[in-house]
Amino acid sequence: MPDLAPIDCDLHPTVPGLPALLPYADDIWRESATRRGFEEMVTIAYPTGNPLAVRADWRDAKGYGATDPARLGREALAPFGTRAAILNCLYGAPALFSEDLSAGFCRAINDWIAAEWLKRDPRLFASILVPQTNAERAAEEIERLADNPRFVQVLLLVSGELPLGRRQHWPIFAAAARHHLPVCIHAGSTYRHPVTPVGWPGTYMEDYAAQASAFASALTSLVAEGVFAKFPDLTVVLAESGVSWLPAHLWRLTKFWKGLRSEVPWVSDPPTAIVRERVRLTVQPFDVPDDPAVLARLVEHLGSEEMLLFATDYPHAHFEGAAALPSGLDAALARKIAVDNPLRTYPRLKEVA
Amino acid sequence: MNVHVSDRPLSAPAQSSRLAIADCDIHPRTRSLRDFYPWLEKRWRDHLEAFGTTSRQPWQKGPAYPKAQPQASRRDAWPPGGGGPGSDLGFMAAQHLDPNNVALGILNPLQTGQGVQNLDLSAALCRATNEWQIAEWTSKDARLRASVVVPYEDGVAAAREIEARAGDPNFAQVLLLSRTSEPLGHRRYWPIYEAAAAAGLPVAVHAFGYGGWPITAGGWGSYYIEEMVGHAQASEAVVSSFICEGVFARIPSLKLVMVEGGSAWAAALGWRLDKLWKTLKAEVPALTMAPSEYMRRHVWFTTQPIEEPEPRQQLAEAFEWIGWDRILFATDYPHWDFDDPAQALPMRMDEAAKRAVFLENARAVYGA
Numbered sequence: 001m002p003d004l005a006p007i008d009c010d011l012h013p014t015v016p017g018l019p020a021l022l023p024y025a026d027d028i029w030r031e032s033a034t035r036r037g038f039e040e041m042v043t044i045a046y047p048t049g050n051p052l053a054v055r056a057d058w059r060d061a062k063g064y065g066a067t068d069p070a071r072l073g074r075e076a077l078a079p080f081g082t083r084a085a086i087l088n089c090l091y092g093a094p095a096l097f098s099e100d101l102s103a104g105f106c107r108a109i110n111d112w113i114a115a116e117w118l119k120r121d122p123r124l125f126a127s128i129l130v131p132q133t134n135a136e137r138a139a140e141e142i143e144r145l146a147d148n149p150r151f152v153q154v155l156l157l158v159s160g161e162l163p164l165g166r167r168q169h170w171p172i173f174a175a176a177a178r179h180h181l182p183v184c185i186h187a188g189s190t191y192r193h194p195v196t197p198v199g200w201p202g203t204y205m206e207d208y209a210a211q212a213s214a215f216a217s218a219l220t221s222l223v224a225e226g227v228f229a230k231f232p233d234l235t236v237v238l239a240e241s242g243v244s245w246l247p248a249h250l251w252r253l254t255k256f257w258k259g260l261r262s263e264v265p266w267v268s269d270p271p272t273a274i275v276r277e278r279v280r281l282t283v284q285p286f287d288v289p290d291d292p293a294v295l296a297r298l299v300e301h302l303g304s305e306e307m308l309l310f311a312t313d314y315p316h317a318h319f320e321g322a323a324a325l326p327s328g329l330d331a332a333l334a335r336k337i338a339v340d341n342p343l344r345t346y347p348r349l350k351e352v353a
Numbered sequence: 001m002n003v004h005v006s007d008r009p010l011s012a013p014a015q016s017s018r019l020a021i022a023d024c025d026i027h028p029r030t031r032s033l034r035d036f037y038p039w040l041e042k043r044w045r046d047h048l049e050a051f052g053t054t055s056r057q058p059w060q061k062g063p064a065y066p067k068a069q070p071q072a073s074r075r076d077a078w079p080p081g082g083g084g085p086g087s088d089l090g091f092m093a094a095q096h097l098d099p100n101n102v103a104l105g106i107l108n109p110l111q112t113g114q115g116v117q118n119l120d121l122s123a124a125l126c127r128a129t130n131e132w133q134i135a136e137w138t139s140k141d142a143r144l145r146a147s148v149v150v151p152y153e154d155g156v157a158a159a160r161e162i163e164a165r166a167g168d169p170n171f172a173q174v175l176l177l178s179r180t181s182e183p184l185g186h187r188r189y190w191p192i193y194e195a196a197a198a199a200g201l202p203v204a205v206h207a208f209g210y211g212g213w214p215i216t217a218g219g220w221g222s223y224y225i226e227e228m229v230g231h232a233q234a235s236e237a238v239v240s241s242f243i244c245e246g247v248f249a250r251i252p253s254l255k256l257v258m259v260e261g262g263s264a265w266a267a268a269l270g271w272r273l274d275k276l277w278k279t280l281k282a283e284v285p286a287l288t289m290a291p292s293e294y295m296r297r298h299v300w301f302t303t304q305p306i307e308e309p310e311p312r313q314q315l316a317e318a319f320e321w322i323g324w325d326r327i328l329f330a331t332d333y334p335h336w337d338f339d340d341p342a343q344a345l346p347m348r349m350d351e352a353a354k355r356a357v358f359l360e361n362a363r364a365v366y367g368a
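Just so you know, the protein sequences line up as chains A and B, in that order. The first sequence: position 260 = 260 (the working numbering), numbered continuously. The second sequence: position 293 = 293 (the working numbering), numbered continuously.
Excised from the complex, chain A in its bound form (with noise of 0.2 Å):
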């Protein structure tokens, strides 16, 4: 792994509590944080103690990963020999009901990203965080911070109020496009429904299980409705979503593209082309079997070596030591999804390659 030098496209700074982020938010919300008491943002997609939250060798005393740079570059960069790495702050802005209060607290999640992090280590990189459920407040985080050339992309959480594809979104896509920066989508949500078609279920399994469901019904949304072809220029990047589900979904979605196009005619190729030339998803956790030659299987149900990324999910805990990329991958794939694929879907990454 380390003699890849790869770039990692999706880990987690964990922000070390909500004093640290109040030197950078407004002071209307810095003194109604105090004066209202506001709790952590903290979602329950990552419920702190849980085994799946934080890899155990990667636990602080307060159960957290990486709190600052040093350590980030300790235990989720130099094992790895990573030379550049894209960090996905998972607080839990985006969920707040309020969109003012959403809109503040990203904006100081990713001021103080760029000032914590960014700006002391080089071989940082960041999302945009933004306050997805008011797409013309997101838009404006977007032209913003798009001139720091160390944010290289958007992040969106993959279940929201509405489907992603929706156009109430599209000033979202529009803003990523107009500064060439993909859209990452990433496993979680706002809990404005339940994470399940069917409901809420019983168990953590299920929630964490039903996130990759999730993804799909994301991709359905963002080709039924139109994204692909209104914003050429625009890459998606799926995050987390467990890779494997994706050959299947595209089997069915094609086919029922086939024989319903006629109500959503601007979709004029076959999704699965689509996905194959637009769509890039990081592979923690690739949801495979610790076999090589099931993986061979599912590489070529994918259909192209373009859409892997290399990430390590850093500090969730998919893996065990270095082994971040599933065993029995081809050398030579390998090599695309550590640096490859990164470095042609991420244009700002250009100085590191």
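Among these hints, one or two may not hold up.
[Said to hold, decoys possible] Heads up, simulated SDA-like pairs for lysine to any residue below, C-alpha to C-alpha not over 20 Å straight-line:
{"id": "1", "chain 1": "A", "residue 1": "K230", "chain 2": "B", "residue 2": "S222"}
{"id": "2", "chain 1": "B", "residue 1": "K278", "chain 2": "A", "residue 2": "E320"}
{"id": "3", "chain 1": "A", "residue 1": "K258", "chain 2": "B", "residue 2": "R74"}
{"id": "4", "chain 1": "B", "residue 1": "K281", "chain 2": "A", "residue 2": "T203"}
{"id": "5", "chain 1": "B", "residue 1": "K278", "chain 2": "A", "residue 2": "F319"}
{"id": "6", "chain 1": "B", "residue 1": "K281", "chain 2": "A", "residue 2": "G49"}
{"id": "7", "chain 1": "B", "residue 1": "K278", "chain 2": "B", "residue 2": "M289"}
{"id": "8", "chain 1": "B", "residue 1": "K67", "chain 2": "A", "residue 2": "V267"}
{"id": "9", "chain 1": "B", "residue 1": "K281", "chain 2": "A", "residue 2": "P289"}
{"id": "10", "chain 1": "A", "residue 1": "K258", "chain 2": "B", "residue 2": "P70"}
{"id": "11", "chain 1": "A", "residue 1": "K258", "chain 2": "B", "residue 2": "K67"}
{"id": "12", "chain 1": "A", "residue 1": "K258", "chain 2": "B", "residue 2": "F338"}
No lab work stands behind these hints, which were simulated from the structure alone.
Given chain A, put chain B in place with the hints provided.
Same frame as chain A, now just chain B:
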């Protein structure tokens, strides 16, 4: 490459030149709800005339999203003698059962009392649906077997209906719809599974219905295509729920048949749950083996609407991952996305696999 079911008279189990098949998803339909009146008390007939039925979606009449075709049906499925598609046994036999050599047909009525908000009405309509299936279908055609339609949102009433049908050879399975008000592994539904297992009946979960929740975890999509594709995601949640809530662990003889929600996703779901189980075992102590093992032992999948990879042979690889003995052929007659048995599995399959998928797996799971 086509399946060539028509070119193999010597190997066909039936005398016909066509391989005899089991069709595990056929939709009989009333001409109107009034067809159920002979089996409804006056109270419910009056209720229906005054209040109709409402489910958790916007419209008095018709589905949440307009379908691709009237009544979601093949254009050629309207019986010449009147009534809608699926409402005339003679026409169904002439158009589908006879020419496609259906030796075993499983009836899944969809426009019944399932998901109706008034639970007592739901129960009454389900009971009437079951009587109607016997009177109008299974008693008239020995190839057909009915489903015990149950008011699933009331687990106790549903169990009573199953107990009333236990041992009746007219019925092959219990039928639920996938979109319920809670994931189907929740304990409010357990009486259904206990009763089904006691009666020796598989539980079929057919895609559709309205549980009140959007078909995506991110809200309501705009289009029918999103709903249709989304039934696979709903079905994944159903299977996950059965496994993670420990339903199979508690009821070892339970058989679950997933109908019309796709199948090719099953392998990836099993791999995902297995990986999670390694890390999250402590949360689900009822599970004594890997989630994919429960799926392998307890879950069957019907084929229609069959996924269509390019190249087609990849579908055979997906079936191999699921287990060839778990795949049940289905046409979805008379609906618009009907899978023709001569066309639907255009890939290389050896003779044993063909016999299994087209007939023998169904005979095994239904004991028919």
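Hint check results:
no., hint, in the structure
1, A:K230 to B:S222, "17 Å, holds"
2, B:K278 to A:E320, "12 Å, holds"
3, A:K258 to B:R74, "16 Å, holds"
4, B:K281 to A:T203, "11 Å, holds"
5, B:K278 to A:F319, "11 Å, holds"
6, B:K281 to A:G49, "14 Å, holds"
7, B:K278 to B:M289, "11 Å, holds"
8, B:K67 to A:V267, "18 Å, holds"
9, B:K281 to A:P289, "17 Å, holds"
10, A:K258 to B:P70, "18 Å, holds"
11, A:K258 to B:K67, "15 Å, holds"
12, A:K258 to B:F338, "14 Å, holds"
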